[in-house]
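Visitor: Listed below are the residues making up each chain.
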Amino acid sequence: MHDSDAPPVVSTGLRYASPVLLFLLLGFLAPLVTVVAYAFASPKSFEVFTSFTLANFSAVLDSSNTVWTSFVWSLGLAAACTIILALIAYPIAYGLNHAFGRFSSLVSVLFVFPLFISENVRLYGWVQFFIKNGVVDGLLNALGLGPGPEVLYTPGITLFGMVYVYLPFMLFPMTLGLSMVPRDLIDAAADLGAGRFMVWREVELPLAMPGILIGMLLTFVLAVGAVAEAKILGGQSVITVVHDIEIAFTYAQDWPLGAALAVLLVLIIGGLTLAVLSRLDLDRVLGRR
Amino acid sequence: MSSALNDVAKAPLPILQLVDVYKRFNEFTAVSGISLNILDGEFLTVVGPSGSGKTTLLRMLAGMEAPSDGNITLRGELINNVPAKQRPTCLVFQSLALFPHKTVGENIEFPLKVKSVPPAQRKERALELLRMLRLPESYYGKNVMKCSGGEKQRVALARAFAYDPDVLLFDEPLSALDYKLKKVLEKELKDLHRESGKTFVYITHSLEEAMVMSDRIAVMSAGKIVQIGTPESIYARPETEFVAEFFGEVNKFPLVRDPERGWFSADTDSAVTLTLPDSLQGAQAATLIVRPEYMRFASAPDEFDNVIRGSVFNEYSLGSRIQYQVRCGEKSVLIEIPRTLARDAALDQQVMIGWNAADAFVAEA
Numbered sequence: 001m002h003d004s005d006a007p008p009v010v011s012t013g014l015r016y017a018s019p020v021l022l023f024l025l026l027g028f029l030a031p032l033v034t035v036v037a038y039a040f041a042s043p044k045s046f047e048v049f050t051s052f053t054l055a056n057f058s059a060v061l062d063s064s065n066t067v068w069t070s071f072v073w074s075l076g077l078a079a080a081c082t083i084i085l086a087l088i089a090y091p092i093a094y095g096l097n098h099a100f101g102r103f104s105s106l107v108s109v110l111f112v113f114p115l116f117i118s119e120n121v122r123l124y125g126w127v128q129f130f131i132k133n134g135v136v137d138g139l140l141n142a143l144g145l146g147p148g149p150e151v152l153y154t155p156g157i158t159l160f161g162m163v164y165v166y167l168p169f170m171l172f173p174m175t176l177g178l179s180m181v182p183r184d185l186i187d188a189a190a191d192l193g194a195g196r197f198m199v200w201r202e203v204e205l206p207l208a209m210p211g212i213l214i215g216m217l218l219t220f221v222l223a224v225g226a227v228a229e230a231k232i233l234g235g236q237s238v239i240t241v242v243h244d245i246e247i248a249f250t251y252a253q254d255w256p257l258g259a260a261l262a263v264l265l266v267l268i269i270g271g272l273t274l275a276v277l278s279r280l281d282l283d284r285v286l287g288r289r
Numbered sequence: 001m002s003s004a005l006n007d008v009a010k011a012p013l014p015i016l017q018l019v020d021v022y023k024r025f026n027e028f029t030a031v032s033g034i035s036l037n038i039l040d041g042e043f044l045t046v047v048g049p050s051g052s053g054k055t056t057l058l059r060m061l062a063g064m065e066a067p068s069d070g071n072i073t074l075r076g077e078l079i080n081n082v083p084a085k086q087r088p089t090c091l092v093f094q095s096l097a098l099f100p101h102k103t104v105g106e107n108i109e110f111p112l113k114v115k116s117v118p119p120a121q122r123k124e125r126a127l128e129l130l131r132m133l134r135l136p137e138s139y140y141g142k143n144v145m146k147c148s149g150g151e152k153q154r155v156a157l158a159r160a161f162a163y164d165p166d167v168l169l170f171d172e173p174l175s176a177l178d179y180k181l182k183k184v185l186e187k188e189l190k191d192l193h194r195e196s197g198k199t200f201v202y203i204t205h206s207l208e209e210a211m212v213m214s215d216r217i218a219v220m221s222a223g224k225i226v227q228i229g230t231p232e233s234i235y236a237r238p239e240t241e242f243v244a245e246f247f248g249e250v251n252k253f254p255l256v257r258d259p260e261r262g263w264f265s266a267d268t269d270s271a272v273t274l275t276l277p278d279s280l281q282g283a284q285a286a287t288l289i290v291r292p293e294y295m296r297f298a299s300a301p302d303e304f305d306n307v308i309r310g311s312v313f314n315e316y317s318l319g320s321r322i323q324y325q326v327r328c329g330e331k332s333v334l335i336e337i338p339r340t341l342a343r344d345a346a347l348d349q350q351v352m353i354g355w356n357a358a359d360a361f362v363a364e365a
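Sequence lines, in order, name chains A and B.
Take the first sequence: its position 143, counting from 1, is numbered 143 in full-length UniProt numbering, and each next residue is one higher.
Take the second sequence: its position 34, counting from 1, is numbered 34 in full-length UniProt numbering, and each next residue is one higher.
One or more of the hints may lead you astray.
As the list claims (entries may be wrong) - Lysine to any residue pairs mimicking SDA-like chemistry, simulated, CA-CA at most 20 Å apart:
no.: 1; chain 1: B; residue 1: Lys115; chain 2: A; residue 2: Ile186
no.: 2; chain 1: B; residue 1: Lys113; chain 2: B; residue 2: Pro100
no.: 3; chain 1: B; residue 1: Lys252; chain 2: B; residue 2: Phe242
no.: 4; chain 1: A; residue 1: Lys231; chain 2: A; residue 2: Glu119
no.: 5; chain 1: B; residue 1: Lys85; chain 2: A; residue 2: Trp200
no.: 6; chain 1: B; residue 1: Lys115; chain 2: A; residue 2: Met198
no.: 7; chain 1: B; residue 1: Lys183; chain 2: B; residue 2: Asp166
no.: 8; chain 1: B; residue 1: Lys224; chain 2: B; residue 2: Pro100
no.: 9; chain 1: B; residue 1: Lys113; chain 2: A; residue 2: Phe197
no.: 10; chain 1: B; residue 1: Lys180; chain 2: B; residue 2: Tyr163
no.: 11; chain 1: B; residue 1: Lys182; chain 2: B; residue 2: Leu192
no.: 12; chain 1: B; residue 1: Lys85; chain 2: A; residue 2: Pro182
no.: 13; chain 1: B; residue 1: Lys224; chain 2: B; residue 2: Ala357
no.: 14; chain 1: B; residue 1: Lys224; chain 2: B; residue 2: Gly51
no.: 15; chain 1: B; residue 1: Lys252; chain 2: B; residue 2: Phe313
no.: 16; chain 1: B; residue 1: Lys115; chain 2: A; residue 2: Glu119
no.: 17; chain 1: A; residue 1: Lys44; chain 2: A; residue 2: Phe23
no.: 18; chain 1: B; residue 1: Lys123; chain 2: A; residue 2: Met180
no.: 19; chain 1: B; residue 1: Lys102; chain 2: A; residue 2: Phe103
no.: 20; chain 1: B; residue 1: Lys102; chain 2: A; residue 2: Gly193
no.: 21; chain 1: B; residue 1: Lys252; chain 2: B; residue 2: Ala357
no.: 22; chain 1: B; residue 1: Lys102; chain 2: B; residue 2: Leu127
no.: 23; chain 1: B; residue 1: Lys123; chain 2: B; residue 2: Asn143
no.: 24; chain 1: B; residue 1: Lys102; chain 2: A; residue 2: Met198
no.: 25; chain 1: B; residue 1: Lys102; chain 2: A; residue 2: Ile186
no.: 26; chain 1: B; residue 1: Lys102; chain 2: A; residue 2: Pro182
no.: 27; chain 1: B; residue 1: Lys113; chain 2: A; residue 2: Arg201
no.: 28; chain 1: B; residue 1: Lys331; chain 2: B; residue 2: Glu249
no.: 29; chain 1: B; residue 1: Lys142; chain 2: B; residue 2: Pro100
no.: 30; chain 1: B; residue 1: Lys102; chain 2: A; residue 2: Pro19
no.: 31; chain 1: B; residue 1: Lys113; chain 2: A; residue 2: Pro206
no.: 32; chain 1: B; residue 1: Lys102; chain 2: A; residue 2: Val181
no.: 33; chain 1: B; residue 1: Lys85; chain 2: A; residue 2: Met198
no.: 34; chain 1: B; residue 1: Lys102; chain 2: A; residue 2: Met180
no.: 35; chain 1: B; residue 1: Lys102; chain 2: A; residue 2: Phe57
no.: 36; chain 1: B; residue 1: Lys146; chain 2: A; residue 2: Trp200
no.: 37; chain 1: B; residue 1: Lys113; chain 2: A; residue 2: Met198
Unchecked claim - Pairwise CB distance ranges (calculated):
no.: 38; chain 1: B; residue 1: Asp20; chain 2: A; residue 2: Gly101; range: 26 to 34 Å
no.: 39; chain 1: B; residue 1: Arg321; chain 2: A; residue 2: Ser11; range: 55 to 63 Å
no.: 40; chain 1: A; residue 1: Phe116; chain 2: B; residue 2: Ser206; range: 50 to 58 Å
For the record, the hints were derived by calculation from the structure and aren't laboratory data.
Predicted, not measured: the structure shown is a model, and the values here were computed from it.
For each residue, glycine too, the CB sits at the ideal point set by N, CA and C.
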């Protein structure tokens with residue numbers, strides 16, 4: 001790159017980092033730049049880098065259009081999913097740390113197991129479970145307890161699917177977070193007169209918070225991008241934003257609209273991620289301190 | 001606010017009593033039949049090697065473990081199953097267990113917050129405790145994790161005092177600090193004990209800490225208390241080899257009972273004048289123990305009760321004192337003398353070393 005006799009223009013660190021840097025620039029930054037550029041191209045065209053308009057964004061935000069509803073659905077479902085999962089995962093995480101003893105690892109493995117099977121396959125499994133003449137309905141009929149509840153193809157079952165799919169992503173960071181609360185601190189708080197609730201509020205929860213927040217962030221980010229649950233279980237009773245993006249890029253052949261949706265989604269998720277991470281001490285979470 | 005520094009004269013009655021206390025964890029017996037009276041207002045140190053059960057003993061006093069057997073009473077009241085939060089005891093952990101997400105002030109105020117003391121009063125008391133522990137008041141709002149080791153120590157103490165316990169329990173809180181700071185804090189802790197008039201129970205494996213601070217020392221080994229007494233008595237009159245060795249260097253002479261010669265030292269084969277305690281009269285084997293500082297170079301064979309010959313192998317300077325290693329045949333003997341009494345003992349020089357019978361003690365082997 002430069003004459004070996006001349007003083008190095010590029011620092012050693014940069015030189016060694018350059019292959020990875022180049023790979024990241026090509027592999028991650030370039031597509032991102034292209035998508036952003038498309039978001040400002042004329043609607044329903046492929047005039048990327050040659051036209052500039054904000055029409056795609058105004059189309060998304062236009063209240064007479066229905067695209068914005070998919071945003072609301074996605075964010076709303078993701079928020080609900082995150083809150084429900086936090087409530088479900090906390091007791092399990094607590095148990096894994098303090099109550100299950102040597103069965104903790106078995107329980108963990110059982111939670112990881114479903115991840116080895118494709119998400120779509122698992123969701124179709126639930127369809128078989130809830131569908132008319134499926135497991136639930138069939139069983140209830142056989143027992144003479146009448147037809148099963150018609151839960152399939154509703155927003156509710158979409159949320160159920162999301163909670164089911166994203167449970168491990170909430171559970172494991174939370175378990176890690178709870179495991180980081182030193183036993184001594186809990187003993188010390190109790191020794192100083194604190195009751196259970198006080199110990200939990202003053203010591204356990206704040207110290208486990210980094211893990212809990214990471215779990216919630218991870219779940220929310222994944223859940224905002226959820227599409228299969230709404231398609232397979234929800235039967236498109238709800239159109240999520242990712243589904244809309246997919247439609248824009250495929251059937252509709254309106255890449256600029258799809259790109260604008262994607263850019264907005266990235267901004268929302270990116271902003272949220274930065275806001276949460278700036279409040280977290282990642283070194284502590286990763287056990288480096 | 002009741003002052004922690006009250007000067008009420010307390011009669012030395014037991015505040016805590018342990019009667020035949022056991023603690024078993026599955027197959028393992030950590031504490032094996034301890035009976036102990038902890039006097040009101042005393043500074044009691046429990047010393048012992050790691051795994052001797054001293055931390056378990058302390059946790060039972062704090063209420064973090066319940067005894068498997070036996071009784072613990074506080075001022076005559078059975079407290080075996082009273083949880084930690086209801087006991088007038090407070091444990092200062094080895095890790096200090098400061099709350100890392102709270103400031104120095106919030107840490108100290110924690111026990112007051114638990115008791116729902118109003119914020120203004122809490123702060124007043126916290127500042128009072130900061131002064132008492134010689135920390136600047138400006139530390140009130142400081143991040144506790146940014147404090148130095150010695151400062152953290154003081155914050156932990158202030159927090160314990162804020163709880164206003166009758167008994168403070170310490171689980172080797174000084175073990176992680178450097179030597180110099182440790183020396184300073186040992187004395188401060190003893191001063192604090194005197195100022196506060198509270199009962200201190202201190203756990204350590206360090207003989208020096210125990211010696212400096214305690215009114216009484218209890219030596220633990222394998223879940224039992226092997227000897228209890230003042231630092232002086234434990235140092236000067238250890239009842240077992242274990243205690244003798246735990247409290248400093250010793251010269252050990254295994255003794256053999258011979259029907260004709262009486263007791264003699266098998267190692268040196270020298271004449272050893274011995275007055276044995278009654279309890280040992282029936283024993284078949286015993287060990288004569290002489291601390292290095294009770295040994296002297298002798299100029300004549302009859303200068304001391306016991307004199308043995310050897311040659312100087314090495315010398316070690318300990319600052320104000322000098323230690324010599326003298327080889328008497330196979331046996332090495334340590335002599336420690338003040339530097340002011342040092343004589344030029346050249347290496348390999350033939351010397352006589354001696355000690356008086358009263359300065360030696362015998363432990364059953």
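Visitor: Against this structure, judge whether each hint is valid.
Guide: Hint-by-hint comparison with the structure:
Pair hint Lys115 of chain B plus Ile186 of chain A holds up; C-alpha atoms about 17 Å apart against a cutoff of 20 Å. Under the criterion of a C-alpha separation no larger than 20 Å, the hint pairing Lys113 of chain B with Pro100 of chain B is consistent with the structure, at around 17 Å. Of the pairs offered as hints, the one joining Lys252 of chain B and Phe242 of chain B holds, with about 11 Å between alpha carbons and a cut-off of 20 Å not exceeded. Taken as a hint, the Lys231 of chain A and Glu119 of chain A pair is honoured in the structure, with Cα atoms around 12 Å apart against an allowance of 20 Å.
Restraint check: the Cα-Cα separation between Lys85 of chain B and Trp200 of chain A comes to about 14 Å, which is no more than 20 Å; the hinted pair holds. About 11 Å separates the Cα atoms of Lys115 of chain B and Met198 of chain A, which keeps this hinted pair within 20 Å; it holds. Only pairs whose Cα atoms come within 20 Å are accepted, and Lys183 of chain B paired with Asp166 of chain B is rejected, the gap being roughly 25 Å. Simply put, Lys224 of chain B and Pro100 of chain B have alpha-carbon atoms about 36 Å apart, too far for the 20 Å limit, and the pair is violated.
For the given pair, Lys113 of chain B sits about 13 Å from Phe197 of chain A by alpha-carbon distance, which is consistent with the 20 Å threshold. The straight-line distance between the Cα atoms of Lys180 of chain B and Tyr163 of chain B is roughly 29 Å, outside the 20 Å bound, and the hint therefore fails. Using a Cα cut-off of 20 Å, the hinted pair Lys182 of chain B and Leu192 of chain B holds, with the two alpha carbons roughly 15 Å apart. Between Lys85 of chain B and Pro182 of chain A the alpha-carbon distance is near 18 Å, which keeps this suggested pair within the 20 Å criterion.
Restraint check for Lys224 of chain B and Ala357 of chain B: the C-alpha separation of about 30 Å exceeds 20 Å, so the hint is violated. Between Lys224 of chain B and Gly51 of chain B the CA atoms are separated by roughly 11 Å; this keeps the pair inside 20 Å, and the hint holds. Between Lys252 of chain B and Phe313 of chain B, the direct Cα distance comes to roughly 18 Å. Compliance with the 20 Å bound is thereby established for this hinted pair. Restraint check for Lys115 of chain B and Glu119 of chain A: the C-alpha separation of about 51 Å exceeds 20 Å, so the hint is violated.
The straight-line distance between the Cα atoms of Lys44 of chain A and Phe23 of chain A is roughly 31 Å, outside the 20 Å bound, and the hint therefore fails. Restraint check for Lys123 of chain B and Met180 of chain A: the C-alpha separation of about 30 Å exceeds 20 Å, so the hint is violated. Under the criterion of a C-alpha separation no larger than 20 Å, the hint pairing Lys102 of chain B with Phe103 of chain A is inconsistent with the structure, at around 34 Å. Of the supplied pair hints, the one linking Lys102 of chain B and Gly193 of chain A holds, its CA atoms being roughly 17 Å apart against a limit of 20 Å.
About 14 Å separates the Cα atoms of Lys252 of chain B and Ala357 of chain B, which keeps this hinted pair within 20 Å; it holds. Restraint check for Lys102 of chain B and Leu127 of chain B: the C-alpha separation of about 16 Å stays at or below 20 Å, so the hint holds. Distance restraint check for Lys123 of chain B and Asn143 of chain B: the Cα-Cα separation of roughly 16 Å lies within the 20 Å cut-off, and the hinted pair is therefore satisfied. Taken as a hint, the Lys102 of chain B and Met198 of chain A pair is honoured in the structure, with Cα atoms around 14 Å apart against an allowance of 20 Å.
Straight-line distance between C-alpha atoms of Lys102 of chain B and Ile186 of chain A comes to about 14 Å, which keeps the hinted pair within the 20 Å bound. The suggested pairing of Lys102 of chain B with Pro182 of chain A holds, with an alpha-carbon distance near 15 Å, which does not exceed 20 Å. Restraint check: the Cα-Cα separation between Lys113 of chain B and Arg201 of chain A comes to about 12 Å, which is no more than 20 Å; the hinted pair holds. Our distance criterion of 20 Å between C-alpha atoms is met by Lys331 of chain B and Glu249 of chain B, whose separation comes to about 15 Å.
A C-alpha spacing of about 11 Å is found between Lys142 of chain B and Pro100 of chain B, which places the hinted pair at or below 20 Å, so the restraint holds. As the CA atoms of Lys102 of chain B and Pro19 of chain A are separated by approximately 44 Å, the hinted pair breaks the 20 Å bound. Simply put, Lys113 of chain B and Pro206 of chain A have alpha-carbon atoms about 16 Å apart, close enough for the 20 Å limit, and the pair holds. Our distance criterion of 20 Å between C-alpha atoms is met by Lys102 of chain B and Val181 of chain A, whose separation comes to about 14 Å.
Annotation: proposed proximity of Lys85 of chain B to Met198 of chain A holds, straight-line Cα distance about 12 Å (limit 20 Å). At roughly 16 Å between alpha-carbon atoms, Lys102 of chain B and Met180 of chain A fall within 20 Å of each other, so this suggested pair holds. About 45 Å separates the Cα atoms of Lys102 of chain B and Phe57 of chain A, which puts this hinted pair outside 20 Å; it is violated. Annotation: proposed proximity of Lys146 of chain B to Trp200 of chain A is violated, straight-line Cα distance about 24 Å (limit 20 Å).
Only pairs whose Cα atoms come within 20 Å are accepted, and Lys113 of chain B paired with Met198 of chain A is accepted, the gap being roughly 10 Å. Remark: the range hint 26 to 34 Å for Asp20 of chain B to Gly101 of chain A is upheld by a beta-carbon distance near 31 Å. At roughly 57 Å, the beta-carbon separation of Arg321 of chain B and Ser11 of chain A lies within the given 55 to 63 Å, and the hint holds. A hinted range of 50 to 58 Å holds for the C-beta pair Phe116 of chain A and Ser206 of chain B, which are about 53 Å apart.
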